[in-house]
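Going down the list, the protein sequences come from chains A and L. Be aware that the first sequence starts at 2, since it is given in my numbering, and climbs by one per residue. Be aware that the second sequence starts at 44, since it is given in my numbering, and climbs by one per residue.
Hints may be right or wrong, so weigh each one.
[Claimed, not checked] Computed beta-carbon distance windows for the label pairs:
#1 L:Gly139 to A:Met2: 34 to 42 angstroms
#2 L:Pro247 to A:Arg12: 38 to 46 angstroms
#3 L:Gly303 to A:Asp58: 19 to 27 angstroms
#4 L:Gly139 to A:Arg110: 32 to 40 angstroms
#5 L:Gly139 to A:Val74: 23 to 31 angstroms
#6 A:Asp68 to L:Trp249: 22 to 30 angstroms
#7 A:Arg12 to L:Phe228: 39 to 47 angstroms
[To be verified] Here chain A is said to cover these stretches of chain L; the calculated rule only asks that three of the stretch's residues, wherever they fall, bring their Cβ under 8 angstroms from a Cβ of chain A:
#8 72-82
#9 130-142
#10 170-178
[Claimed, not checked] Incomplete in silico selection of chain L near chain A, CB under 7 angstroms:
#11 Arg68
#12 Pro151
#13 Ile295
Everything labelled a hint here was simulated from the structure, so no lab data went into it. All values derive from a computational prediction rather than experimental measurement. Just so it is clear, CB atoms sit at the ideal spot from N, CA and C, and this is done for glycine as well.
Read off the chains here:
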Amino acid sequence: MPLMIEAVGLRRSFGKVVALDGLDVRLESGQVAAILGPNGAGKTTFLRMISTLVRPDGGMLRVCGLDVAAEPVRVRRLIGLAGQHATVEPALTGRENLQMIARLFGQDRRTARASAEETLERLRLGEAGDRLVRGYSGGMRRRLDLGASLVGRPRVLLLDEPTTGLDPQSRIELWDTIRALAADGTDVLLTTQYLEEADRLATTILIIDHGQVIASGTAKELKSRAGRDIVEIHVRDREDLDAAVRALTRIGAEKPAVDRGSLMVSVAVDSGPERLREALHEVSELGVHVEDVALRRPTLDEVFLSLTGSTPATEPRGGEPRPPGSAAGVAPETASRSVR
Amino acid sequence: MTAGAAPQPARSARLLPSVGVLTGRALRIYRRTPQLLILRIVQSVAFLLIFRYVFGGAIVAGTMRYVDFMASGLLTVGIMFATIGTALGVAEDHVGGLFDRLRSLPMPRSAVLAGRVLADLAMTVAVLVPTIAVAFAVGMRVHTGWVAALGALGLLVLFGLAFVWIFVAVGLLAGSVQAAQGISFIVMPVSFASSAFVPTASMPGWLRAFTEHQPVTVVVNAVRTLTQGAPAEALLGHGSGYYVTRALIWIIALVVVFAGLAITRYRSR
Chain A
2 MPLMIEAVGL RRSFGKVVAL DGLDVRLESG QVAAILGPNG AGKTTFLRMI STLVRPDGGM
62 LRVCGLDVAA EPVRVRRLIG LAGQHATVEP ALTGRENLQM IARLFGQDRR TARASAEETL
122 ERLRLGEAGD RLVRGYSGGM RRRLDLGASL VGRPRVLLLD EPTTGLDPQS RIELWDTIRA
182 LAADGTDVLL TTQYLEEADR LATTILIIDH GQVIASGTAK ELKSRAGRDI VEIHVRDRED
242 LDAAVRALTR IGAEKPAVDR GSLMVSVAVD SGPERLREAL HEVSELGVHV EDVALRRPTL
302 DEVFLSLTGS TPATEPRGGE PRPPGSAAGV APETASRSVR
Chain L
44 MTAGAAPQPA RSARLLPSVG VLTGRALRIY RRTPQLLILR IVQSVAFLLI FRYVFGGAIV
104 AGTMRYVDFM ASGLLTVGIM FATIGTALGV AEDHVGGLFD RLRSLPMPRS AVLAGRVLAD
164 LAMTVAVLVP TIAVAFAVGM RVHTGWVAAL GALGLLVLFG LAFVWIFVAV GLLAGSVQAA
224 QGISFIVMPV SFASSAFVPT ASMPGWLRAF TEHQPVTVVV NAVRTLTQGA PAEALLGHGS
284 GYYVTRALIW IIALVVVFAG LAITRYRSR
């Protein structure tokens, strides 16, 4: 069984901007893989390269064993791409949209009709199939767009930020659909800015920054690689926050993070259970009313931030990664770079 | 890497069926949004009527009746305006990601632009036909023969083809829908600085040097001499052969340059 994706030393620049800087990837087939990274990290460029839309400046890229540079046409027969924007045509019906793409995949009229029907059913759009897409909701459009990438029965499905801009309900529906596809044997590679999405869907997660893979593995592996546990203390009264911060500063391996809205202080610690006991001792000494305490593994957010940091692009790369928790409470968007 | 390791791929779509599918798609979209076509026809006819009844009385075109003089110009310019929408549509498909999806499909890449050009050319003809009917209704007459008139019609359609390609290139190169729209307005000065509405004789020398030779004038004069015969040839100074040859050279040059630009841009990765 060839690998779903194999990339070695992949490079691409757009003018002065380096999008991919020696990207190495090996992804087994038979799984959902997620590419995670800040804006401008090179996620979309990588996906477009796999889709034969962008040529590499250097390096090697294979999809299901086929070299993308040497055999782009054969690669196109294997992939289905859903880009960031829904590209379905509003003035056509859902069925017409899908039939058109199926025909362009080389299916004859009858096969195209059957594939469109099958795809509509699979995406629960059967009843809406003969309505014009201009009457569809955002979630339906996105599902139909996913359908357009499926109707050619691809081996590898490429999804560029599939749920960006969707409401929570539609997002969960789309996740279910993607899981069902993977269960039926379609390989899926998706990019996302949502850590939760990668956590929930993907077997393998690649974290990309500055056009290179900086970490990869299962969600569990990535979390344990970040090492430290997090101690969280919720206080009852706002006045106690500062005391709690003082207490956690004493036991923490890092400066604690404070969430004033939910009256919560958290800190990364070296040895969880021991420090938790100490933390409770410290806060009771200071007379803090504790509402709730928790000892937990870092979230993927914290892993992500610890690996990518939130440093500006001008700083030299490869510096000390920040320990988890040090930037907790910072949204991933603020950690992004303005490279592109 | 041996190809044997790869799964059995389906065959690719062939060129002609792909062009057919994409042309059909574009025409179906136009049919579902009739306001697009109606608006273009209204615009084209309104322009014709304005020059027939508002400015017409004040313009002298040699010994020719003004309605006969201006009809060739208005039909030619009408075609240019009818193709503006192409730039918008192509820019939308380009920026909106449709072209990315289509380029990731196992089909000949040339089919996408070919389908677009065919559909938009059909739209242009759909604007041209009612405009011609109105031109006849307000007094324009052919003073030569049917063969020459059909030749003029063919030339107008070819000119439409050239402008569709120009605007396909604009749509692909503009970078945004707004920019595509802005650039499209070059048809304004280009159509007015021509022999479409008034004889060029009254223009200053430096302007005439441009207007006499630019493609709009050449095509307008070709249509004019083909449909009006001797009075037009007397006014313009050359026969229909002179203008038709130059018109065809211009059309071929425009198609080669702009189709070349568009295809290069579309294929670049």
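Checked hints:
no.: 1; hint: L:Gly139 to A:Met2: 34 to 42 angstroms; verdict: holds (36 angstroms)
no.: 2; hint: L:Pro247 to A:Arg12: 38 to 46 angstroms; verdict: violated (57 angstroms)
no.: 3; hint: L:Gly303 to A:Asp58: 19 to 27 angstroms; verdict: holds (25 angstroms)
no.: 4; hint: L:Gly139 to A:Arg110: 32 to 40 angstroms; verdict: violated (27 angstroms)
no.: 5; hint: L:Gly139 to A:Val74: 23 to 31 angstroms; verdict: holds (24 angstroms)
no.: 6; hint: A:Asp68 to L:Trp249: 22 to 30 angstroms; verdict: violated (58 angstroms)
no.: 7; hint: A:Arg12 to L:Phe228: 39 to 47 angstroms; verdict: holds (41 angstroms)
no.: 8; hint: 72-82; verdict: holds (count 3)
no.: 9; hint: 130-142; verdict: holds (count 3)
no.: 10; hint: 170-178; verdict: violated (count 0)
no.: 11; hint: Arg68; verdict: holds (5 angstroms)
no.: 12; hint: Pro151; verdict: violated (9 angstroms)
no.: 13; hint: Ile295; verdict: violated (30 angstroms)
In summary, the structure is inconsistent with hints 2, 4, 6, 10, 12, 13 from the numbered list given earlier, while agreeing with the others.
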